[in-house]
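**Q** Single-letter residue listing:
Protein chains: 4
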Amino acid sequence: MDFVYGPGKNHLFVPGPVNIPEPVIRAMNRNNEDYRSPAIPALTKTLLEDVKKIFKTTSGTPFLIPTTGTGAWESALTNTLSPGDRIVSFLIGQFSLLWIDQQQRLNFRVDVIESEWGRGADLDALASKLEADRSHTIKAVCIVHNETATGVTNDLAAVRKLLDGYRHPALVLVDGVSSICAIDFRMDEWGVDVALTGSQKALSMPTGMGIVCASPKAMEAAKTAKSVRVFFDWNDYLKFYKLGTFWPYTPSIQLLYGLRTALDLLFEEGLDNVIARHSRLGKATRLAVEAWGLKNCTQREDWFSDTVTAVVVPPYINSADVVKRAWTRYNLSLGLGLNKVAGKVFRIGHLGNLNEAFHFNPCRLSGLRLNTVGTWD
Amino acid sequence: MDFVYGPGKNHLFVPGPVNIPEPVIRAMNRNNEDYRSPAIPALTKTLLEDVKKIFKTTSGTPFLIPTTGTGAWESALTNTLSPGDRIVSFLIGQFSLLWIDQQQRLNFRVDVIESEWGRGADLDALASKLEADRSHTIKAVCIVHNETATGVTNDLAAVRKLLDGYRHPALVLVDGVSSICAIDFRMDEWGVDVALTGSQKALSMPTGMGIVCASPKAMEAAKTAKSVRVFFDWNDYLKFYKLGTFWPYTPSIQLLYGLRTALDLLFEEGLDNVIARHSRLGKATRLAVEAWGLKNCTQREDWFSDTVTAVVVPPYINSADVVKRAWTRYNLSLGLGLNKVAGKVFRIGHLGNLNEAFHFNPCRLSGLRLNTVGTWD
Amino acid sequence: MDFVYGPGKNHLFVPGPVNIPEPVIRAMNRNNEDYRSPAIPALTKTLLEDVKKIFKTTSGTPFLIPTTGTGAWESALTNTLSPGDRIVSFLIGQFSLLWIDQQQRLNFRVDVIESEWGRGADLDALASKLEADRSHTIKAVCIVHNETATGVTNDLAAVRKLLDGYRHPALVLVDGVSSICAIDFRMDEWGVDVALTGSQKALSMPTGMGIVCASPKAMEAAKTAKSVRVFFDWNDYLKFYKLGTFWPYTPSIQLLYGLRTALDLLFEEGLDNVIARHSRLGKATRLAVEAWGLKNCTQREDWFSDTVTAVVVPPYINSADVVKRAWTRYNLSLGLGLNKVAGKVFRIGHLGNLNEAFHFNPCRLSGLRLNTVGTWD
Amino acid sequence: MDFVYGPGKNHLFVPGPVNIPEPVIRAMNRNNEDYRSPAIPALTKTLLEDVKKIFKTTSGTPFLIPTTGTGAWESALTNTLSPGDRIVSFLIGQFSLLWIDQQQRLNFRVDVIESEWGRGADLDALASKLEADRSHTIKAVCIVHNETATGVTNDLAAVRKLLDGYRHPALVLVDGVSSICAIDFRMDEWGVDVALTGSQKALSMPTGMGIVCASPKAMEAAKTAKSVRVFFDWNDYLKFYKLGTFWPYTPSIQLLYGLRTALDLLFEEGLDNVIARHSRLGKATRLAVEAWGLKNCTQREDWFSDTVTAVVVPPYINSADVVKRAWTRYNLSLGLGLNKVAGKVFRIGHLGNLNEAFHFNPCRLSGLRLNTVGTWD
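Chains as they are written, first to last, in UniProt numbering: chain A, 1 to 377; chain B, 1 to 377; chain C, 1 to 377; chain D, 1 to 377.
Chain A with its partners taken away, still in its complex shape (with noise of 0.2 Å):
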């Protein structure tokens, strides 16, 4: 194996999956549980009612699925659409990338609206098409609120305007997975109609649930879709939450405890204080990568992201190296740069239960200076 043990604490600024506060860590430190007991549906019913605070909504429904990000999408797409259905989406680095591939793979019609990597969503080509789309063969627009391959946040507000303008009754479905808890989202006020997030991103837990919000419009719209679903079809859970007990097949226990303790620190330090410690953290990062004399992959302030970095390095440099090396030297894991900005850039993720002093780490580095083999002085 080409590692070695290292002491110290490892030190974790990818953008997910993000370090896991004591609190949590504990809360999830216990044996399995009997989920028919009436213990585990108890439990379950504060977490529905207090997981839509996340999504800032009051009129969604909220499911709680043992999968990932790459399912939660699963799940937005298949329970609100039909195959051959026309989607709108935009692709702006790897994630929305990787979601546009699924949409295409579950047999979506999808107009792909590509920006360069660095640059957010392109609005005015939704314009256009939403102008010409008069008879609403656009079923829905996809959109990823934080792409986190480059640092860019998208204007979601805007989104919903441009649709409101045209009366375009299309569904939106978005991607928060780096953003919600880190940066401000509001679902309700927003008219989103499906928002999705992961357990192992802001809420700062272990991976393994994906948090899927619907609104009314989308539960509406799950009764005549008709892509082939089971394990995330929207039914079978609404079925058990009739029935009160809640699960259609076996949660995790210890992921539930976690959440419950994951949405008790959110709400003890306050929703809007954690987007403005987001807000801080991240504005410092791009000021250290000034400092560095290095440039943000994103390409203009109101795309920055507060919750991931893109640094773009010198040309003379594999931004690989630069990863590698902080892994090796320094028990400091950083974000390879992905696909088209492979070796290009490293991101510094600032996502979850941080702290200045925790987050400065990477930050710290600032001193010293990338030299020509791609390793710092």
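The set of hints was computed from the structure by calculation and includes no laboratory data. Some hints could be false.
Identical chains blur together in the list; that is why a pair holds if it fits in one copy or across any two.
Only pairs whose alpha carbons sit at most 25 Å apart, straight line, appear in this in silico DSS-like list of lysine-lysine [as the list claims (entries may be wrong)]: (1) 242 x 283; (2) 295 x 324; (3) 324 x 239; (4) 340 x 239; (5) 324 x 45; (6) 53 x 344; (7) 340 x 223; (8) 56 x 242; (9) 129 x 56; (10) 226 x 56; (11) 340 x 242.
The model shown is predicted, which means the values in this text are computed figures rather than measured ones.
Place chains B, C and D on chain A using the hints.
**A** Below, chains B, C and D without anything else, positioned relative to chain A:
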């Protein structure tokens, strides 16, 4: 909430999720890690090698999917079959019923062979179907190895023998959720094409990992299977297997380390010893039931399950009351009767990392007698 | 090493250290903290207030000392007595023997009142001594509330009554290691001057905290006691109590949080309910012993202990073999016979956070019979 | 309470208790076990063998005592000396002061050699005393290897050289609490007779285990030492060492497993590498202090401590405000100035299982400047 704090350990004797041994809880008591670091692929590689041993296969390809047993079912079906394919499936209890429901919703044509609950798969009916199927329209035989609802273990070697007798090429897909690692299972020897289990069963881990293993024949079938799949698509895994990074999406770091320890414990005890232990504890449970003067739901000795015993209560008793009383009074979790046997049976799980002293908790009630209000005297 | 991996949970039925409930294990699953931060004093304050409740005192002063029961003994003696002081001490088993040994090595003049092992403290002998001691040369009466080696509980109210009857001012020092939080104990009502227990007993925590409580009279005695002491000196604690920082040296952060949870669990169940539960489980154990046809080492019913039962084996059997067999074969830990009763008794602990189902593990052996080679059939 | 929930990890940079590495936390995440079973003695035997390596001794006898550093001091003194014995002791800071206080209260005659705080032990004064002591009335020299209050490391080899030069037979008792496993220490080579440390220091465990090691000469002295001792008496340990059961009273099972893992981590990294790492991080801290324009409390380079740096603040600032601000604002724990240097210094611990990225947290404040109200700009 209708539950209160009770002192002492909860005794979990449902057939899953089962008790987690301390070393596994310990191994999972950890922070997240970057799954793209060199450490996680190195760990994953050992897991994929070792997990084949629990299936008793050398030629199979394993998949560790962040899902439950229900998702593992879907993975087995969608990767090997196409919509409209004819399959034969045995209905002998609640879990085989649910799998058949999934098969039908995934648009396969399912020949259901039903048995009375408490009886095993009707292999004579299978024989007739195979004999009649000269043109090999049957693409797969789906069978639950151990039906958890009724405590019935099916004879997989006999299924193989029948198929071989008729030189029938149908795939054999096996739900081994409550058998693998606890009841003798031999993937290669019995010509099983897809076998699957879940982490929260005999592996004695938390829920969240579906473990699926595919024979070379199943892998071949996957190349042409037309069922729509993305999250569950084996091809995405194979792509990353080739890259040596193994994961198409984020795995649970905690479950990977948990699986490592669960496998270590299994191999330290010896898989055959583990199976012998389940056999011993299963027999002991059945003797206890006999001593109570109660009936086993399983109708014939050769179907007796070594991982769960469904106990029939007298007609004047509701078995749910027995379960409830055990929980409120003794902090002891038993399994309810499901569907057709609801109210009629309760179930004692004797599955996972148990020993004699641990196991006999539910059986120690043997000195007691069920009274007419469904509680123990 | 003469032990191997055994599957399933170890069943710990020694009278200490006892099984730790999951919530306490969870609470202790944490990193160190700075004990000079504002958080630890705030936590300590609640502990010192609440721990008085387990002694049933409002006027006592508690000390949470990083030590074991042996250290707590030393703390009780050296803070209240001077070398050469005359004390009366009851020898009724191994633990009272060890305490007397300590008393003698600390240079007190000890009047030992010995009883046959299996019998309680000889209070008639105490009465004679008190009657004869007109000049009050006896400075303290030392008594083990519950002798763990023989399963004997002494009558502390009777001791108080005798002292009051003779208007004797001797201090009463009580070892409550295996009684406090499990057997009725009333510090104020019974005029106990120093009472002590250890974290690993009825509080169901790990070893490492000696909990000592001193009456106002004992605190007064501490001002003039000339025994040499530093680590165990109450004055060092009092100095920091006044400062509000509480700790003269570094406490175990983990044990502080563990104690917080242990107390919470006790109060949630209700201390009187906890005592009633021990009484119920103690009685049940004695009935099981009777059913086995074996004899209780304790010779009279009013001495029966509700936290441990010492079981006398037939003369042709070595009780150590019973303990060894339980451990190797059933992963079940029982207590050995100690000193005078070595080989003659084994001990079943029924102490701590137990319930009926948990507890009956050792008793489930009731269907078995001891055979002539000292093992169970 | 004057503290509130803060997000992110607490950064613990006091010189003890220090950060516990995850593997040690994991190892301790367990239930109690019977310490009289065969497993615990087998484990203990490996610990006693291996713990000698951290003292660099082959001839020493180690004791793992359930106590703190203060108790370990008492163990060292009372087992080797008799009341009235003359000892020489160096007062150079708060911890040497406390040890001297203990020595005096234990009734030894202490020649205190005082240095200005910030300076090391005055070895010239020792030389004079040794020279004058032809009749060998000095029974022991007591020295704190690393004074935690001022960040001063004493030269133990020089002490040995002096004693040898004068052929003086005095015992050498060393407090290695904040040095052993972090700063070069050689028990055998330097002729140290009793050395001691605590679990919560360089071993990076919770508090609760005092680790004491005695040379053959110290063991010989213990045979005639007349200090009263019971809990701390080495003889009780030796009795159980001979029996092979090792424990005179109940040890903390959790700390034993924790120590096993702590030693494994030390040996995996290599003790010399660990010491080199502390040297590197210590130097880096001092460079940071220099860069801040602040002064090191330690007055001479050869006394610089590699485990803690005491930083002198400007006279118009109260160092307690710096510590408080770090805690409330950054969730960062620094050490207060103690006693004579209270308000004048704050302390940065760089002790235990740290790495560069972890370590530089407090140092990242280097970009900031102390302002006149004692906080950072």
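**Q** Does the structure break any of the earlier hints, and which numbers would those be?
**A** 1, 6, 7, 9 and 10
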